[in-house]
Every structure is written in structure tokens, then in C-alpha cells.
Amino acid sequence: MADTGFLPKEKLKDFLEALSKDAVVYAPALEGDIVLFKEYSQGKDLYLDRPANLGPKSIIYPQCETLLSFDFKKNDPEDPKKVDIELKTESNFANTVVFGCRPCDAKGLVIYDKVFIDTDTADPYYKERRDKTTIISFACEAPFAGCFCTAVGGGPADTTGSDVLMTDVGDGFFFEALTEKGKAVLKSVPMQDGASYKEKAQKIKSEAEKKIRNPFPKDATEKLSQKLFDSDEFWEKVVSKCISCGACTYLCPTCYCFNITDEKTKDKGERIRTWDACMFNHFTLETSGHNPRPSKLKRFRNRVGHKFLYYPEKYNGVIACCGCGRCIRYCPASVDISEIVGYLKDPKQK
Amino acid sequence: MSDVGTKELRIVGFLCNWCSYGGADTAGVGRFKQPTDLRIIRVPCSGRVDPLFVVRALLTGADGVLVSGCHPRDCHYSEGNYYARRRLEMLRRLLQFMGIDEKRFHYTWVSASEGQKWQQVVTDFTKQVHELGPLHDKKEKAD
Amino acid sequence: MAEKKYAYYSGCSQETSSKEYDISLRAVMKALDVELVEPEGWSCCGSTPAHTVNHVLAAALAARNLALVEKMNMPVLTTPCPSCLTAFKEANHRMENDSFKKDVNSLLDNPYNGTVDAKSSLQIIYEDIGLETIASKVKYVFTELKVAPYYGCIMNRPPALAKFDDPENPIAMDKILSALGLNVCDFAFKTECCGAGYGYTKKDMMKELTYKVLDMARDAGANCIAVACPVCQMNLDLNQKEINKDRGSDFNMPVIYFTQLMGLAFGCSPKELAIKKLIVNPDKLLKNRMLKSETDKGQDKEKLKASA
Amino acid sequence: MSTEKLKEIILKVLPDVDTVIGWQEGFDKIHITPFFMKSPEDAEKAVWNSLCVQNLAAYLPSLKKKTAVIVKGCDSRTIVQYMQEGLIDRSNVVIIGIPCTGVVSVKKVLKAVDYQPIEDVKFSDEKIIIKTSKGEKTLAIADVCPDKCKTCQYPTPIVYDHLAGDPIESTKPAESVYEDIKEFEKKSLEERRDYFKNEFDKCIRCYACRNACPMCVCQDSCIAETRDPHWITQKLSSEEKMMFHMIHAVHLAGRCVECGECERVCPMDIPVAKLKKKINSEMKELFDYVPGVNPEDKPPMYTFNVEEAKIKEHKL
Amino acid sequence: MRVGVFICHCGSNIAGTVDVARVAAEARKIPGVAFATNYMYTCSEPGQDEIKAAIKRENLDRIVVAACSPRMHENTFRKTIQKAGLNKYFLEMANIREHIAWIGNDKELNTEKAIDAVSMAIAKVMQNKPLHATSFKINKRVLVIGGGVAGMQAALDCADGGLDVVLVEKSPAVGGIMARLDKTFPTIDCSICILGPKMVDVGQHEKIKLFAYSEIEEIKGYIGNYQIKIRKKATYVDWEKCTGCGLCMEKCPSKNSYDYFNFGVAPTKAINIPFPQAIPKKAKIDPNYCRQFLKGKCGVCAKICPTGAINYEMKDEIVTEEVGAIVVATGYGLLDQNILTEYGGTRYPDVISGIQYERLLNASGPTSGHIERPSDHTEPKTIVFVSCAGSRDKSIGVPYCSGFCCMYIAKQAILTKDHIPDSQSYVFYMDIRSPGKGYDEFTRRAQEEYGAQYIRGRVSKIYPKGKKMIVRGADTLLGTQVEIEADLVVLATAAIAAEGAAEMAEKLHISYDTFGFYVESHPKLRPVETNTSGVFLAGACQGPKDIPSSVGQGSAAAAKVLSLFSRDMLESDPAIAQVNTNACVGCLKCLKTCPFQAIVEDTLRSGKKVAKVIETVCAGCGVCTSTCPCGAIQLQHFTDNQLLSEVSAICQM
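Residue numbers (my numbering), protein chains in the order written: chain B, 1 to 350; chain A, 1 to 143; chain L, 1 to 308; chain Z, 1 to 316; chain Y, 1 to 653.
Don't read these hints as lab results, they were simulated from the structure.
Just so it is clear, the structure is predicted and the values come from calculations on it, not from any experiment.
Possibly wrong hints are sitting among the right ones.
What the hints assert, rightly or not - The list that follows gives simulated cross-link-like pairs (lysine to any residue, SDA-like), each with its CA atoms no further than 20 Å apart:
{"hint": "1", "chain 1": "L", "residue 1": "Lys212", "chain 2": "Y", "residue 2": "Asn641"}
{"hint": "2", "chain 1": "Y", "residue 1": "Lys461", "chain 2": "L", "residue 2": "Gly114"}
{"hint": "3", "chain 1": "Z", "residue 1": "Lys235", "chain 2": "A", "residue 2": "Gly61"}
{"hint": "4", "chain 1": "B", "residue 1": "Lys13", "chain 2": "B", "residue 2": "Pro190"}
{"hint": "5", "chain 1": "L", "residue 1": "Lys71", "chain 2": "L", "residue 2": "Gly114"}
{"hint": "6", "chain 1": "Z", "residue 1": "Lys134", "chain 2": "B", "residue 2": "Phe144"}
{"hint": "7", "chain 1": "Y", "residue 1": "Lys608", "chain 2": "B", "residue 2": "Gly289"}
{"hint": "8", "chain 1": "B", "residue 1": "Lys264", "chain 2": "A", "residue 2": "Gly61"}
{"hint": "9", "chain 1": "Z", "residue 1": "Lys202", "chain 2": "B", "residue 2": "Ala29"}
{"hint": "10", "chain 1": "B", "residue 1": "Lys266", "chain 2": "Y", "residue 2": "Asn641"}
{"hint": "11", "chain 1": "Z", "residue 1": "Lys235", "chain 2": "B", "residue 2": "Phe283"}
{"hint": "12", "chain 1": "Z", "residue 1": "Lys64", "chain 2": "Y", "residue 2": "Gly607"}
{"hint": "13", "chain 1": "Y", "residue 1": "Lys465", "chain 2": "L", "residue 2": "Gly221"}
Let the hints inform the model, and build the full structure from the sequences given.
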């Protein structure tokens, strides 16, 4: 039986150690009072009690990556005008396992896949990392502050994007392989047979689903009110308190906007890709000085629009939001995107 | 090897054009020998020295930073060094707080005629930085 | 409860040859409601030849006493003797240097941290108590006295160390004596050397210098000299007869501590002020005294006259 | 201080202003959110309690129309500093002051209840009672208040047009304000350096600290993102992150009003305010200056004395 | 970008301790460098030609010259590249001589350091932008502050050169110290006789507008365009009406006014004309002594004045003048004798200062030239002169030599003998300082022909003895102490900065030394310029000077003004602050810190509030740039990016 498995809680570390023989394993760990994905090493403590402050997105889609580096070479000492530019791209991404992210985090990666892989010009940097990474998600038993995954088509035990789903069944963890990669992982380590836990896990998962709040109808076909969406007054009302920072986007498992800059020193340099945020003024600032989205109202509208209108339009109705609630939880001004979408779906509510 | 005896360290100097840069010139004209670690950046006035230049230099490879301007009351622009004095004093205390030894940063006043004083400042400061050693684990130069 | 309180270091002279300085100062301070507290177990201030031989040892002698005061938690030590004063001030100054301080403290059982300021009693009386208070305490005015105020060579010197009054033309004692209602002469030799330094080694030179001071005082119209230094007092007072013999002069000029003059004005008895200890007898000059209230009246009358 | 009294004042000033900035309930019971009130109906939803943590004065410079703002004592220092620097037109602002005995750090409360979703919050005396699925927990506000409240010197706003409550005096000793800085300075140089490196390494450069900072006047022009001048790259190295935080600290020298917003909003829980507080302690020491206390003061970095009593020339 | 790099050998000055060829070779490796070479003397004509040729041949667009200090040759090379068609701000210099070659012996280390210096210059020059000067008109009027001999000379030379001159003198008459002197050394010319005609010229010159008894209230503006506010102090006499007849002075009953002109040697009247030759010859009332002001009744002068010029209600008046250049000739002051307590301060009437003695000697002085003791008006027979009374004395903060005292003491000793043939003068001196044409001969004459006894040593004490003053001093040549019984003692009190010199400097934005004397641009080569362009120095305000030096400086300053004004337009330095209005957030912190008030608030058409730089006022210090948090105001040629590029050229981990 390789599709499911069971591990008593005390064996979890052995499991991770076994995994880390063939791959770099990232797992959530406490860093002060916050939870971050850290490279797992022997004896290190895990922390699975709540979702990480920043999900695993930065492992597969790093905040800053060098796309290429370049050297200016003057090979002919007699002719300083002759400059050769040597370009280098480096790839040294090892096989990786992300352990213990939440189903919403995994779902976020699927949103990225559509943009970076499922196109005519796949992004080789992203694709390589995605291909080499196995995702072991951990189903939620109960929602956390701000969570609304079910409203956007996900769930506390949603399997989208995960290779393995793991459920806490009390005395241990029940594992289900969902993909070939997942099966391979479960195969690689000795595990008890999990069949007897399947039912219990199923029960836990469906109970969890009921606990999730529904700020707006789950039915994705329900359209947003275009009239309200276009109304400045509405946006002013709901986002005056926004302070235009990038906390929501940087923590968001589905936000993927980036910036590309060249950083050069005397005779060498790099082209780097870094996260960018549509909430920043610079994001749409044009060289002329003109900015099509000059105010936070416009920028916030874009953020909501992108997730709930433009992306679904382009990708077959898929909402670019996984309902993880981080943008709500960590917003300095407690702006609640679920509330805003709720208004847009049901203007009468307002 | 630096003149101080160990491997040369990277010391950046910001010198105001009117007094200290001239003082360094005077020291040169007088052939007052100095350690070679210092690299000088000319600025019009010590008031032009944004404390962040010092921070930038220390974060990106400098082992010590020296700022020198006209003596108080002698600023070519009347008041620039008064602002410098406040800002750099604030910075000095902040650096020490964030874990960069305040001895790596020195600001002082040297006039265009004080060649000897300049020699002393450079010699002493270089020595002081060498006593602390390198600030960063630097990669060896490729060539 | 006394209004003010100081640590007080009388010094060796005031225990012996110039007891009257100590006695009169204590009487005056009592009249001024100032409490003097002697540090328990005080010792030599170090102004002996020590300081010409070894600075550390000299400073240690002074610092030992300063440390006693420090332990009493008193910020200021006052001494009537300019010589002691200089010893303390110099120790304080030298001990600003950390390594010197270390050397000194290594010789002491109780280290001294340099927190005690030394001030002359003259300075305390002039600055802390003030002329107004002094004038308010005056009972009698001695009309006969014409005083030459004599400060001696080190009361105000070196100026960077003394930090009190003018080094060339001090005026603190002048002002105090004026506040007593005394007739103060314009005396050019206020800080001239009295010659005491050569008292034993070069007696002729000492007499020459002493003569000059006495002579100048007489020229200035004085019939007595007010002093603030036990060595000056002794020197000027003790040698008049001998000088008269050598030179055929006829000095008979009382040399009185300014504290004694203050005490007399405040109404203390000559006995309380140990006037008898002076060599040149001032009794004749002290005969005529007026109640201050009467002189005030006289002045008022003069004022009235002037304005009319 | 009752919310009713506050509502009365809001209703009174509302006709004269475009907006009254206050607080309302947020997405859950523990999160209070800023509230831009335009109508009397809005005013009904206004709340005031120990969860009203945000410094609403920070919104003022970006608003053009006449605005009323509700401020706690600490927040009022922001307004005083704006006045010092000429960043607001005082006549365009109505200040509703609230005497405040201390707010609650949401981060501390969540930690205290193991980050369980909050079902209900109640207040009683100086306590906050938190209900989660795991039961009720009672916390003394003093135990879960932000650090700034522990040494608060200005419980009553320094400037206000209306005061919703009776003024209260600080009971905290003034010398306690920088005790944490002094304590931190007992660490060795290396410890301090490692501490800041580890903390700033967590930074994701979301700029929440900057954008929440009431004194970060540059906002969209911040040199952390410009190429001209190009102070800093977008690389994710420790040095660049440190540089950003140094920029923030140096630009706030003598201006930081210690509202603690930078630290409160940080999603990575970085002690962002520490550097700024250190500078403030030095401003006090060097220039006897406390930011945001007297509208007539001049920020010390924008002025000088020919003779600086406390700055001695340093010997090598 | 095609940077050309020129490494100068400076003969062996640089090449001796720096491997210049290697520096050039390393420069060639740097991206952006299209050409690098080393040259024997880059500043020589062929050296400059080489740069020009290379610019053409190699199509270079930026130039780095690694040579001596830019303070030496930056301008030379700027002109060079300008001639070759480049903007002159496309030049950067690396100082590899003063800062490298001359201060280190290790050739290896020096070469590495020179490579870094060149790398920095290359990094910076690639960030340089072409800058263009703007020109502006000059207001060809000149302000002269101070009507002493230096100021008068400057004013007259400028006026004769055709310029309109505004001359401001704070006392009621021009002439300064020189007008008070009896004779001048070493020619024993009558001082007022030679100065008088100049004073008359100043009073009458149609190009000179004289403000006597006036002070500078405020100076605004910049070279070519200054606005000056002048405070005309109330004289209580309408000078339009006053004819200088002197009747008021004769009848004035307040006879005990302090006589400033005579340094208090004798009292004067409350209404007075300072001296017979005064220009302007007008009366003025001293309200500190006038009965009308003190007691509210008298009015004698008002009654007697034939033209009705007296006006007790007069108030200070502020007038504004606009000029294009300023000559500062505010002169010097004399040490307060009271500081010299060892000499009795001012307690002894028969111990006087040299300038007071000068008035006693003067035929138009209060004693009509009869030397008499102030105490009892008897003729002194033994006179002791004490030189360095305060000068060269660190303990009172005057470590310098006052320069002219040795000479005037010799003169006074000579004049004393002339006045009182049976007198004996003694001169205590530290050193006799008499460098000047005929000066040393003069001091010898005082000794040899006039019998003045010169005693080398300092005076330690002066005290009275009977009617005499005892001067006690050391005779260091004989190694003994001397005491001289003098009838009169004259102290050559130290020359110090004029009263209010520091405040004036602050108004002018010029610097002053620790003693309050103004600092010239260069002690050797720019002696009358200041570091503030448009402001020139003349006379003793820069340091103690005798008459010929002061006059020489007056003329020199005038020549500088005339040469400045020979142009119609001036070019402003384009290396000044510039605001990027897109980035500017209008916080106006720059406005608060600008030392020149060169920044003002501006509102864009969009309504956005921003900072704006007044180009002609900005002096280019860059304090604004380091104040601006958002980098919106950038000092051109020293922008953040330019300096950061230099930092990153040498700081790479």
C-alpha cells in the first residue's frame, strides 16, 4: 500500500529525517513568535499548530532570484574599447520537499502554475523548482482567524496542488498520496498501513469544512457587481484605511507580481527578479511620470479585480485567491478582502 | 600589507573640499607619511555627508569610515558642519547600538592648514581600525 | 539646624601657631549660622615639601582627606589655609588624569573618586554667604581702623586652579571688610610676596620683602593689615620688631585675620576671637567702636545733606 | 470613558468636517479597524476600547479636506510633531482626544490564547476576557499591553479640541522610558550585531512599517525603492535589509513619536522601533529634546547650536 | 560611455612612488573606459593637447585625470576638455599626488591605492551630467563697510574708477584710528594732515554716498545683487540743516560726556562734533549725557542753533541700498585695559594706553599737545612704555603679535623727547619687531638719538608709590629685576578684533578666526578675497596692520571690485541644488536647514507643494541634499548617486 500511510506522532521526525536524505526538506518552525518555513535539519523542532506567517511560496517562487549574471570582460589589453559580455545562468535547485504547509498554500501554487508553466513560454526558473518539489500538505482541523477557503472553492483538506495530504487523526498522522510524486515520497520511507485511518480522517476533514465561515456565496458563478466595482465611492468607503503597504501581497500565496532590475558593480552585475506588489505606487509608475493607478483606491480595486475578475476571466473561472486569510490577519489596518468581495457579490448587503 | 603591519583594511574618508581635503593636500605637500588604507571621497561640505553614506559604506565592505570637515565656526558655508556634527554624533551612537563598534567611525575637524593634524588623524584612525580588524568576512580578491 | 553645612579642614597651623584663625573662623561661622564638620581622623594635607619631591605622594596625602569628606557625602571641603587649599586643588586637578588617579588610589586604603570640591573659607564667606548677610550681622563698626587687605601669594593662584577672584587684584576681602563698615585702603601689594618662604633660609631677603609689604601698607594709609593666610600673618606680625631694629623704622602695625575683624564687627568678644594671640597689639585701634545703628543714622544724615 | 460620550462628540463635530476618523469593529472580535465616518449612521458604529490600537493621526497628511481624528495620548504626539514640521494645517484638523490608560497588544493576546480564533472579547475593570473554542481566558491589560504603554508619559492627549473624558496624569516614572534601551545595551557588541542581523533577516520588505509610520513623509517617494538616488537594491541580502531599516531610523532621527505602529504592523514580528527609540534616547541626552511634545520645538536634526554643550570632540 | 583616463607622472613626483603604467593598464580593464594612458606632465601644454587630441581621436565623452589635487588643476583641465568640445563637468580628477604619491613610500601599496582612486573617479564621471552655467546681471555699486583709512582708500579708488560707492561708518565721522594719531612712523608726518585731504575727498566725491553714524542691519542676496539694510542711528541733529558751526557744543551745559574720539582722555560735551577736521562736520547728541534726555529739561542747543537743526524726537532710520559687491574694512579694536590687572587695570590714572597717549601728544587733542599726567596735570619727566600689554599673551587669549606697537612706541618715545627735552623714556619690550622700510632705523634712532632706554623684559607689576608709579620688570639682558619710578606709564594695549566683528561676519557669511579677525580666501595668494564671492577684505579687520598695509589692501580690494565689475554679467556655478518635483513631497526640511535661505516653497500647477532653489543664492553646500529624506533635492555634481558610485567602487564585499 503506497497510496496511504500512518505514522505515530513520535515517528514524525524520523520521517522527516528519512526525507531529508534525498531532498532538502522545508518545514514550519517557530522563529520567536512567528512561524516560518525553515530548512529541516536533524533534531530541529517542528511547529504545526497554526499556518506559517509566510507560506512556502518563497521556496518555489523566491522573493529575489538571480535570473542571470553578467561579466564585462576586456580580453584584449590593447583595445579597451572591445568589451565582451559573458552571461551566466546558474541552476542549483536540489530536490525539495515542502512539509506541513496548508492546503490553501498548495492551492496557491496551482494559481502560479497557470501563469508560469501552462503557457507557450514557460518560466524555466519557476518550472524547474516546481518540478523538483514535492508538497506535503497538512489538513486543517479548524479555521484560523480570517480564513475563508471554502468561499473561494477550496477547503481545509483541499487536495489541489498537494502531492500528499496529511491529517492529524489524534494519535498520529494519516497520509494520502495524491500524485505520483506523492506516492514516491511515501514509498521512500517505511510507514504503517494507513487504510484503517481513512475513515476517521475523512470525518475530521468534513467536520472541519463545516466550521469555515462563508463571507460570500461559494458559488463562483455569482458575478461581482460591476457597478459597485466601478464606483470610486465604494472603494473609498472600504479602503480609506488601507496604508498601501505590501504585507497582504507578499504574504499572499496567490500573488506573483514581480519586478526585474539590473544591479551592476564595477565590472559585473546581475539581473534579478524580486517580488513586487500592486499596492505600491511604483508598481504602475511609468517612465513619463504618469501613473495609471495613482491612488490606493485604484490599486486596491486592481488587487480585488485581479483575483476575482481578471484572473477568472482568463483562466476558466478560477479565482486567484485561496482564502488563507493572511491578508486579513496581518493587515495593519485590518482591511478585510472577504468582506469587500461579499459587498461586491451582494450589493444589497451594504 | 598595510603600513600598519597587517593586511590593508578598507577605510573610506569623506572630506570637505574647503578644509579637510585641503588639509590632506597640505599633508601631502609636506610629505607627511600616512598609512595607505584610506580612500578619499571629496564632498563640498561635511554637511553634505548624509549619515547613510557612512552606513552604506560600513554595510557594503568598509572597515572604517572617517568624516572630516572645517572646524566649527570655520565652515565655508557657515553652517554645514554644525548640521554634520549633530547628524554624525547621532550616527556614532546608533552604530555602537546596532553592534558596529563606534571606533570604526570617526568624525573630526581639520583645516586646510593642518597638514600635521591630518597626518595624525589618518595614522591614529587607521591604527584604531586595525586594532579592531576587518568588519566583514571578505572574499579574497579574485585576481 | 544650621542653614549651611560644610566639611571643614582647619589644617596644622590652625591647630598650633595660628589657633586664633581657627577660633575666630569658627566663631564667625557660628554667627553666620554655618555648620562646620571636621572629618574624623584628618591628616596632613601634603603641602609640606612633599609636592616638590613626589607628586603622587603629595596628592595621596591630600586625597586621603578628600576621601574622608567624600565618605561623608559632602560636596565641598573648606579650609582657611591657602596652602592646604592649594594642596587639595592640585590633588583634584592631577587626579583628573586616570592613570595618576590609579597611582594615588593604590596608596590609599579608601580610594578617592574626585567628587569633592575644595574652597577657601574666604570664598565660602564671599560667595555662598554673601555680603548682604554679612552686613546684616554687623553690630559694631570700628571707626579707628584703616585696613590694608592682604591676600598673600597663593590664595588666588594659579588662576586656572584657584578659579576664584582676580589673581592680580583680588577684591573679595576688600568687599567683606567694606561690608563690615571698615575703612579699606587701596592697597597695591595685595598679592605681593611676604617673604615667609625664606623665613629660615634667607632671613635678610625675607625681611626685605616683609618690609616692602608693611611699607606699602603704611603708604596706602593703613594702620593695620587684614590677612587670610596663617603664614603671612605670622611673618608680617612676628618680624616687625626686628625690621624696625635693622632699618630704624617704627612699624607697629597689627596684622589681624579677616575673620577676627568679622567677629569683632559681629559683636564677639576679643577673647572669643583670641585677639590676644596677635603679637602686635591691636587694642588701641579697637577702642573706638560705634553701634552700627548709629553709623547708619550718620550716613542717613549725610545722605540727606547731599540731596539737599 | 464611555463610547457614548465619544459618539456625542463625533456627532457634534461631524457637520463641520468631511470625515471623522475613528474605530469600528473589525473582522473578528479582537481586531478593531480604522473607520472613516461620514454620516451620523456611521457614528453609531464607532467604538472605543482597549483594542483601538491604530494611530489614526497618521492618515492626516494624506487628507486634503477638513478632518476630525480621534487620538489617544500617544497618538497626539504625532499631531504635535506634524505641527512642528508644518506637515498639517492645524486649522484643517479637529482633534478629538481620548484619555487612555493603555491599549492591548493583539499579538500578545493571541499568543496568550495559543492563536486560537477569537469568539468573543469582553472587558472588565483592567482586564480583558477572551473567549475561544477552548474556553475563556482572563488577562490583565497591563500584562498584554504594548511596551509603549508600560512607560506612557502622555495618557492624555497633548493637543485636542475636544476631550472625551477627564484628563489623567501619567503614573509611570519618566526615567523608565528608555530603560529597555539601557537594558539592551548591556549586551555585548557582537550580541547586538547578531540580534539585529537575525531580526532584520526576517524582513520581507513589505514596507508595512514604513507605510504605517506617521513620520515617514516620503511614502511614494521613499528612497528604498528609487533608482535615482539608488541607495539600495532590491536584493534580499542581510545588508540591504539592514540598510533599509537604517534609512528608516536615520530619517526618523529626532522625529520618532514612539507610537509603535512600525512594530505593531510588522507581519514578521521584527522589533523595528528599537533603533528609533535608541536615537530618541540620544536626542533626549544630547539636546534635551522629546519629539511630539511641544509644537514650538524644532526637530534637533534641522537646527544646531554653535556651541553644542553635550557634543564633545572625540579623541582617537 | 567612452571614458578617457590620463595618468600623470608629474615628473617623478607621482611616477617615483606609483607605477603609473600599471594604473593606466588597470584603468583600461574597467568597463566604460575607452582609452587610458600615462603622461609625463599632463598639465603642461602638450599634455593638455594630448587630452584634446585623444578626445577627438578616440571619440571620448568623459575624462578622468589622475594627477595632483583638484584644488590645484581642476579648473585647468575643465577648460581643456571644454576646448575639445566636452561639457566641463565631464571631468573628474583622482588625486594621486598629494593623497597618494607624496604620503607613502611603498610603491606597491601606492599603486593599488591609485588604481582605487582612478576607479572611483571613473565610477563618478560615468554618473556626471552636463551642467550649464546661467548668467545674471551685476549691480555695479559697491558697499564699503568702515570709514577708516582702508575703507576710505577702497571707496575712493572704486569711486575714481567710476563706481557708485556706499560707505557706511558706525562712528559720527570717518577717519578711523588714523584720524586720532598724532604723527605717523617712521616719517613723523602729521597724521591728520595727510589723512585730512582723503577725508575731504570722501565727503565730497559725487560717487560716494556716505552714511556716517550708521550700521549694517542686514545683508541679503549674493554676489552681483545684494540688498543692504542700513540703520542710520539717531543723532538728534538734522544733518541737512547742521552747518557744523559748533555753537551748540560751546554752550552745552553737560560738560562731562565720555569722549569716544579721545578715548576718554578728557570729557566732552553732550552735543559735540568729534574733532575739528571731522567729515562730516556735524554735531550729534549723546543721549546718555544730555540733560534734555536725562532730566527732560535743558534745550539749550535747540534754543541756540541758528538753523534749528536740533530734533530731540529723532528716531533710528532704516534705509535700503542695493549693491553688487562688498568691501569689509571694519578695522580693529583695542584690548580693554581692565583685563591687565597686574598693571592695575584702569585703577591708576597715570597708567594709560598708547592711543590715549597719542591724544595727549596731539596738538588738537584735549591738552593741545601738552603732555601732562591725567592725575595732577603735571608734566611727566620719566615715562615708561610697556610693549606687548596683552599681546603675545596666551593666558588672556591674545597669542599673536599686534604688529605695529613696537613702531608707535618708538615714535612716542621720540615725540616725548621733542615735547619734553629733559624727560627720560624707558621702553620694556619682548622683541623689537620692525620689519618695514625705514622701520628698524627708526627704532634705533629712538634709542640712539633720543636716548630712550630700551629694557628687554616684561613688566610684572605696576603700583603707586607716593606720586610715582613703580614699574617692576625683568631686564633679561642683565638678568636682574628692575624697578623704575615713573611719572607716567603708557601701555601698548593689544590690537583685537573690532567690537561686533563676529556678528558682522555672520551677516556677511564670511568666516572669522578664533580671535574674531576675518579669514581671507588664501593667506598668500588671495589676501583680500573671502570665501564668499563678492565680499572683499581691507585693513585690520583681517588682522592687525599698519597704515601702509591697510591702504594697500584698500586699493587691492578696490581693484578686485573693479575687475569683477568689468563684466556686465556673472555666471552662476551650476553645481548647485536642483529639485526633482516629481519626487519632492513638500516637507520643506531642506528649507529649514539651508544656510543661505536659498530654498523657498513653491506650488506647482497641480497644486502640489514643493521646494524650489533660487539658483543665484544657492552656494552648493549640499546640506539640503543630505537633509532631504526622499532624495528629491540633489546637489549637482555631488548627487547621491555620484557619491554612492564612488562608495561602491571601493566597497565591494
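Hints versus structure:
| no. | hint | in the structure |
| --- | --- | --- |
| 1 | Lys212/L x Asn641/Y | violated (77 Å) |
| 2 | Lys461/Y x Gly114/L | violated (36 Å) |
| 3 | Lys235/Z x Gly61/A | holds (16 Å) |
| 4 | Lys13/B x Pro190/B | holds (13 Å) |
| 5 | Lys71/L x Gly114/L | holds (11 Å) |
| 6 | Lys134/Z x Phe144/B | holds (13 Å) |
| 7 | Lys608/Y x Gly289/B | holds (14 Å) |
| 8 | Lys264/B x Gly61/A | holds (16 Å) |
| 9 | Lys202/Z x Ala29/B | holds (13 Å) |
| 10 | Lys266/B x Asn641/Y | holds (14 Å) |
| 11 | Lys235/Z x Phe283/B | holds (17 Å) |
| 12 | Lys64/Z x Gly607/Y | holds (11 Å) |
| 13 | Lys465/Y x Gly221/L | holds (12 Å) |
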